[in-house]
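Fit chains B, C and D to the supplied structure of chain A, relying on the hints for placement.
Here are the chains, one letter per residue:
4 protein chains.
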Amino acid sequence: MTTAVQQKILQQVADIFDNHVPFHNLLGLDIKRYDINGVEVVINMKPELIGNIHHNILHGGVTATLLDVVGGLTVFAGLVASKDDWKIEELQQRLTTLGTIDMRIDYLRPGRGEVFTGTGSVIRSGNRVSVCRMELHNEQGTHIAFGTGTYMVG
Amino acid sequence: MTTAVQQKILQQVADIFDNHVPFHNLLGLDIKRYDINGVEVVINMKPELIGNIHHNILHGGVTATLLDVVGGLTVFAGLVASKDDWKIEELQQRLTTLGTIDMRIDYLRPGRGEVFTGTGSVIRSGNRVSVCRMELHNEQGTHIAFGTGTYMVG
Amino acid sequence: MTTAVQQKILQQVADIFDNHVPFHNLLGLDIKRYDINGVEVVINMKPELIGNIHHNILHGGVTATLLDVVGGLTVFAGLVASKDDWKIEELQQRLTTLGTIDMRIDYLRPGRGEVFTGTGSVIRSGNRVSVCRMELHNEQGTHIAFGTGTYMVG
Amino acid sequence: MTTAVQQKILQQVADIFDNHVPFHNLLGLDIKRYDINGVEVVINMKPELIGNIHHNILHGGVTATLLDVVGGLTVFAGLVASKDDWKIEELQQRLTTLGTIDMRIDYLRPGRGEVFTGTGSVIRSGNRVSVCRMELHNEQGTHIAFGTGTYMVG
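Residue numbers (UniProt numbering), protein chains in the order written: chain A, 1 to 154; chain B, 1 to 154; chain C, 1 to 154; chain D, 1 to 154.
Bound-form chain A, shown alone (with noise of 0.2 Å):
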């Protein structure tokens, strides 16, 4: 069960993210879904993000965004589960730190497609710091890049 303060501190952050980020707006990022139980991040195919013209693949840019973002609601949703009783002013205090320390990429795959979707799930839960896998998907399946991000939650 997720809480009253917990569903709304959720929302915010996903109306930020999908509505007050300039460079999300730019790529047309789409916050499809996130609830305590984690994010769905979308990317449509538009000319603008290609990186190899020949072949019409996403630049790779494009694909470390996705998973950046991916990795950073993911753990944040991890805090928010991780205690019933937050107050909103902590967690909206917790956002302002939230942050990434590293990030791994693995490409798998050349990013051909018409939907990219971005999942993730924590490996590494902590209070200050927690750590995520995520990963990305064109709307056949095809499995394009893994990412591995440690990050700052408090």
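Among the hints, a few may not be true.
As the list makes no split between identical chains, a pair holds if one copy fits it or if it spans any two.
When the alpha-carbon atoms are kept at most 20 Å apart in a straight line, the in silico SDA-like pairs for lysine to any residue are as follows [claimed, not checked]:
| hint | residue 1 | residue 2 |
| --- | --- | --- |
| 1 | LYS46 | PRO22 |
| 2 | LYS46 | ARG112 |
| 3 | LYS46 | GLY28 |
| 4 | LYS32 | GLU139 |
| 5 | LYS83 | PRO110 |
| 6 | LYS83 | THR142 |
| 7 | LYS87 | THR97 |
| 8 | LYS46 | VAL21 |
| 9 | LYS83 | GLY126 |
| 10 | LYS46 | ASN19 |
| 11 | LYS8 | THR96 |
Derived from the structure by calculation, the hints contain no laboratory data.
Chains B, C and D alone, transformed into the frame defined by chain A:
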């Protein structure tokens, strides 16, 4: 000394990366210098690249993109430099297989600034695979991020 | 189905890694299983492998060693599996160039336990370079570490 | 200038790492220097550390171990250096939570040599998390490996 073929391929690559990669145009990515000794890639801050509106900080995905581009260009320059008697067709062929296998980014400080410059150096050089370290600084010399990337070069 | 050549080379490799690598003997590293589908490598806890005497925890360097060995063996099994008509000499030749290019280790939990088992799976498979993800668990199924490694396979 | 408390804790840590970590004794790991500016850790080649008997090359797991130890000691020295008025008990407490979160190793050249020396420098310094870059050279100055590690320091 740089041979005519080396000079020509590096100019072709700089032209492609500067003018014909849609995602580079979207970001305003600019190849300031590209020769046999390496590359200098610049992005000027603009509102669309912001990741954190409260603090006007560059999105981490822009940092990742810049570092990845620097890495690819640096290892390719290293390949070009590794032989004096390349045929231009061989190098053009190699360019089609140039790709990032994996990359680690270390975010050191918030991406504040007006002009972000990426540079790199090859740490492992091979005929098939090369590894590069990359750095991102702002116009005041503040060190914002490190990268380490493994690239397919043939 | 596994061909006779595939079976033979995997046995040879398992024998080398099990019996003829001095550092594996020093650690007591044991190849429990090695076939075309992958590998299971085990290290039994012993006092010499401890990194933290107050808590009797496995040294992180032992974890790194185990994950690296698992990664190398896993990508080599993948290479062996990729063709039915290898000649044994070709695979023996490939073995001489097998090597780790880079590796990331994520330490998830302290290395407590009696028996540590490493397993892996190939995430990017190539004729020259393969990428593998590795895991380390103790005898109770506690997940202690993840690895991601990029290997030269030819 | 180094305070008496700083000097004392660094000596204590060097003594523990040099003499009381069983796995360090097994490898013959030796802390040559440890002060507020960093660390120099040495391993002498011996037959038990070999990974490749045909070429007498150091096992990659020994390299990983050495780099990880260097990283931990370097970030701890950075923490010690960050304040002049530490109490020894605070630093001893911090030592108990010192741990590797993640590490990347780049293997640059085969580990040939007689004496392997690891050094490091902090690239991101924090009260909770620090990031370090490490290097391994042999006695001839050949650069064998790079490391990048993220450590919990509090």
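Consistency of the hints with the structure:
no., hint, verdict
1, LYS46 - PRO22, "both (17 Å within a copy, 10 Å between copies)"
2, LYS46 - ARG112, "within (11 Å within a copy, 29 Å between copies)"
3, LYS46 - GLY28, "both (9 Å within a copy, 17 Å between copies)"
4, LYS32 - GLU139, "within (14 Å within a copy, 37 Å between copies)"
5, LYS83 - PRO110, "neither (40 Å within a copy, 23 Å between copies)"
6, LYS83 - THR142, "neither (36 Å within a copy, 23 Å between copies)"
7, LYS87 - THR97, "within (16 Å within a copy, 28 Å between copies)"
8, LYS46 - VAL21, "both (19 Å within a copy, 13 Å between copies)"
9, LYS83 - GLY126, "within (12 Å within a copy, 26 Å between copies)"
10, LYS46 - ASN19, "both (19 Å within a copy, 18 Å between copies)"
11, LYS8 - THR96, "within (16 Å within a copy, 37 Å between copies)"
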